[in-house]
Amino acid sequence: MAIEERDSHTGYLTTGHEWNGIKELNTPVPKAVYVFLIATVVFTVAYIVLMPAIPLGVTFTKGLLGLDDRREVTRAVEDAAAERAVWTKRIETGSYQDVAADPALMRSVRQTGRTLFTDNCAVCHGTDAKGGHGYPSLVSGSPLWGSDADSIAETIRVGINATHPKTRVGQMLAFGRDGILQRADVDNVLDYVLTLSGQPPVRKATPEQLAAGKATFAAQCVSCHGEDGKGKADLGAPDLTDRHWIYGGDAQSILTTIWNGRQGHMPSWEDRLSPVDRKILTLYLMDLRKSP
Amino acid sequence: MIGQLTKNERQNALAILIAMAVGGLVMTIGGRNSLLGVHGGLVLMIAVVGIFAMTATLKLPDPAEDRLNAYYDDPTKVGIIISMVWAVAGLFVGDWIAWLLVFPDLTFDAAWASFGRLRPVHTSGVIFGFGGNALIATSFYVVQRTCRARLPDQVTPWFVLFGYNLFCVIAATGYLMGVTQSKEYAEPEWYADLWLVVVWVVYFLLYLRTLSRRKEPHIYVANWYYMAFILVVAVLHIVNNLAVPVSFGSEKAYSAFSGVQDAMTQWWYGHNAVAFFLTAGFLGMLYYYLPVRAGRPIYSYRMSIISFWGITFFYMWAGSHHLHYTALPQWVQTLGMTFSVMLLVPSWASAGNALMTLNGAWDKVRDDATLRFMFVAAVFYGLSTFEGSFMAIRAVNSLSHYTDWTVGHVHAGALGWVAMITFGAIYASVPWLWKQDRMYSAKLVEVHFWLAVAGTLIYVFAMWNSGIIQGLMWRTYNDSGTLAYSFIESLVAMRPYYIARAIGGLLFLLGALVGCYNIWMTIRMAPRESAKADRPEPGAAGAPVLQPGE
Numbered sequence: 001m002a003i004e005e006r007d008s009h010t011g012y013l014t015t016g017h018e019w020n021g022i023k024e025l026n027t028p029v030p031k032a033v034y035v036f037l038i039a040t041v042v043f044t045v046a047y048i049v050l051m052p053a054i055p056l057g058v059t060f061t062k063g064l065l066g067l068d069d070r071r072e073v074t075r076a077v078e079d080a081a082a083e084r085a086v087w088t089k090r091i092e093t094g095s096y097q098d099v100a101a102d103p104a105l106m107r108s109v110r111q112t113g114r115t116l117f118t119d120n121c122a123v124c125h126g127t128d129a130k131g132g133h134g135y136p137s138l139v140s141g142s143p144l145w146g147s148d149a150d151s152i153a154e155t156i157r158v159g160i161n162a163t164h165p166k167t168r169v170g171q172m173l174a175f176g177r178d179g180i181l182q183r184a185d186v187d188n189v190l191d192y193v194l195t196l197s198g199q200p201p202v203r204k205a206t207p208e209q210l211a212a213g214k215a216t217f218a219a220q221c222v223s224c225h226g227e228d229g230k231g232k233a234d235l236g237a238p239d240l241t242d243r244h245w246i247y248g249g250d251a252q253s254i255l256t257t258i259w260n261g262r263q264g265h266m267p268s269w270e271d272r273l274s275p276v277d278r279k280i281l282t283l284y285l286m287d288l289r290k291s292p
Numbered sequence: 001m002i003g004q005l006t007k008n009e010r011q012n013a014l015a016i017l018i019a020m021a022v023g024g025l026v027m028t029i030g031g032r033n034s035l036l037g038v039h040g041g042l043v044l045m046i047a048v049v050g051i052f053a054m055t056a057t058l059k060l061p062d063p064a065e066d067r068l069n070a071y072y073d074d075p076t077k078v079g080i081i082i083s084m085v086w087a088v089a090g091l092f093v094g095d096w097i098a099w100l101l102v103f104p105d106l107t108f109d110a111a112w113a114s115f116g117r118l119r120p121v122h123t124s125g126v127i128f129g130f131g132g133n134a135l136i137a138t139s140f141y142v143v144q145r146t147c148r149a150r151l152p153d154q155v156t157p158w159f160v161l162f163g164y165n166l167f168c169v170i171a172a173t174g175y176l177m178g179v180t181q182s183k184e185y186a187e188p189e190w191y192a193d194l195w196l197v198v199v200w201v202v203y204f205l206l207y208l209r210t211l212s213r214r215k216e217p218h219i220y221v222a223n224w225y226y227m228a229f230i231l232v233v234a235v236l237h238i239v240n241n242l243a244v245p246v247s248f249g250s251e252k253a254y255s256a257f258s259g260v261q262d263a264m265t266q267w268w269y270g271h272n273a274v275a276f277f278l279t280a281g282f283l284g285m286l287y288y289y290l291p292v293r294a295g296r297p298i299y300s301y302r303m304s305i306i307s308f309w310g311i312t313f314f315y316m317w318a319g320s321h322h323l324h325y326t327a328l329p330q331w332v333q334t335l336g337m338t339f340s341v342m343l344l345v346p347s348w349a350s351a352g353n354a355l356m357t358l359n360g361a362w363d364k365v366r367d368d369a370t371l372r373f374m375f376v377a378a379v380f381y382g383l384s385t386f387e388g389s390f391m392a393i394r395a396v397n398s399l400s401h402y403t404d405w406t407v408g409h410v411h412a413g414a415l416g417w418v419a420m421i422t423f424g425a426i427y428a429s430v431p432w433l434w435k436q437d438r439m440y441s442a443k444l445v446e447v448h449f450w451l452a453v454a455g456t457l458i459y460v461f462a463m464w465n466s467g468i469i470q471g472l473m474w475r476t477y478n479d480s481g482t483l484a485y486s487f488i489e490s491l492v493a494m495r496p497y498y499i500a501r502a503i504g505g506l507l508f509l510l511g512a513l514v515g516c517y518n519i520w521m522t523i524r525m526a527p528r529e530s531a532k533a534d535r536p537e538p539g540a541a542g543a544p545v546l547q548p549g550e
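Same order as they appear, the protein sequences are chains Y and P. Numbered according to the UniProt record's numbering, the first sequence spans residues 1 to 292. Numbered according to the UniProt record's numbering, the second sequence spans residues 1 to 550.
Wrong hints could be hidden among the right ones.
[Claimed, not checked] Residues on chain Y that point at chain P, a partial pick, calculated with CB under 8 angstroms:
#1 9
#2 20
#3 22
#4 24
#5 40
#6 44
#7 68
In case anyone wonders, no lab produced these hints; they're calculated from the structure. Predicted model, so just to flag it, every value in this text is computed and none were measured. Cβ coordinates follow ideal geometry from the N, Cα and C atoms, glycine included.
This is chain Y alone, in the form it adopts within the complex (with noise of 0.2 angstroms):
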């Protein structure tokens, strides 16, 4: 019961099928349509002629151009590798200062540096390194474990509390949780830190209790502070006369530091970053910390 009608705007005709007013033209499939699909099925079958295509059990076809995605990849990492061992050959069997003296290869440790700063530092330390509440500044103040380059490459290398069975391990107690002082003895040895890196005490605290406090200190604090109060890097224990805090130097966080204790966490790049990676990061630290 098909009934073509012509559709006077185009000039075709209809089908003649008819669904709720919905009508057809049988307008020819336009020729671009034909031509566009015989062009992609004959990019089709080069492609499957040329690469690796057809599945044939246990194997597959492989191409006329031999290509193999993994090879190819693992032969450009090879390149890629070959190309950068001119410079981090030298990197490998320079000493620091040698390298230091080099400017052309200090270019590439700043390039390569930096890159490996932000992928692997920067999410605790910052990307422009100078850390955060709770997390050191890597341009200004004493590196906890040592400012020299072999003291920061092997922090880089074993972390701080980390799993590494060669981990630096530090801890401050905590002097107050743990009833090791009494709260008076807390406050009079935070007065005389806040004295140490020349800020006034909190309280206007008597010189009975300046005394008091540099006691205290004596007794608790220098073994790993040191009787002047500077640190001792060996045991990863912060200068207190300087103006560099990990926590915050003012009263409150110092107190808080003082009754809660503390203990930082860097995870170990021994199995994360190869040897030269962190002789990059070493350097690249030495030469951020060097510059203004």
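Chain Y is already provided as a structure; the job is to place chain P on it using the hints.
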């Protein structure tokens, strides 16, 4: 609305609800030590509410016979409303997580508010909640009219609609609690998946039953696409979700596949979900609403045939292009890439067929925002299928993969094509369904249209920029042979685009809210029976013209 069911149907519905309550109870008891029990409680609660509602109406008389003179549109009406609710919810969560990427601290330290849990709420909310309900609702509408047949009974469509939404609710609430099998677009766990199989098979049978009752000699193209959508989604869903539960008392199950086979199965599913859920289903929608609204015949029946079989055949093999340069063997990547390239031709033939159907009706496209929604949808369909084939080429993919370009591509399709055709279809059908001449406000349709277009363009342009910059930053080497940028730096570079994207998404959400208001006000207008009765037999009144299938 329940009064439209026959007594017999009400009893059947009650039986189904009681069975559901029993199922919920079993889940609650069996899963009391896991999150399965929480979902059991939810099912039980919903079933009990349903049982009360059904029992209260059990004594009502049978509905008048003259209902058989008209199509059964109540499920379509409810489906459209549910669809709009999901649209607002899904778009809202989407924009929320867009802002979350700008301000990562917005999670309030709550697990449920983390990106990983909210993101599937967004994707499932818009794809399955908004899109799925719109597809079910319009498929009921379209199949009846193009077959001149009433749905065979009045319980099955409700079972499909509410059963499907139960799945959606279990899915979304599960994500928030951390229930997921971590397969993109197939996150729900085994019990939700099993339930969807039941619902979907019933949907398929309902569609077949309606088609078999048709009074038209031919099956219209829209129904080919709806059938392809229903059938293939069933196949995809079942295969990709094959899994073994840890125990029947646990919400957790493990996939039957592992490693690269699992990845391949997942992306065979994932890409064909794009093909048969987000493309075939919505092409069915387009094939009905666009010609009706434009008042034009389909440009070419023959092109419809080529497109339909091209799309259904080529799409099936294209999934592996999601896994270029991975552990997937290269020959499988070849398959995915070449079929994706060939796929472009039938895709463009479809888009072209739709656009050329508008020849002779361009004045309507200019004046009628509803038709313009459909026109823009066809344009974006063409754009995103081109982009998809292009991105499937391995060399292009090596730049685009894992970047925001992919996100932009998906949203060009989802916002520009899927959502636009749906809004067009909804604006067309709401006045027809609620017996009005027009929407409450044509101006507001216009406002929605421009908000949607602006939102989509801002979104897509932001993600194109962001994605290409990301891709380039990730592959740029400095002259020391080291990657020049760290990942964090690429994130910093993305930030302005993430802000733009979130603004684009906000505009799109605002548009949907305007749409909801407009639809609500249209429903509230006094109905007027138009002269052009939307009936199986024009002018028929009195003796029922349709066979009761009940």
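Going through the hints against the structure:
no., hint, verdict
1, 9, "4 angstroms, holds"
2, 20, "4 angstroms, holds"
3, 22, "5 angstroms, holds"
4, 24, "4 angstroms, holds"
5, 40, "4 angstroms, holds"
6, 44, "4 angstroms, holds"
7, 68, "7 angstroms, holds"
Of the numbered hints listed earlier, not one is contradicted by the structure.
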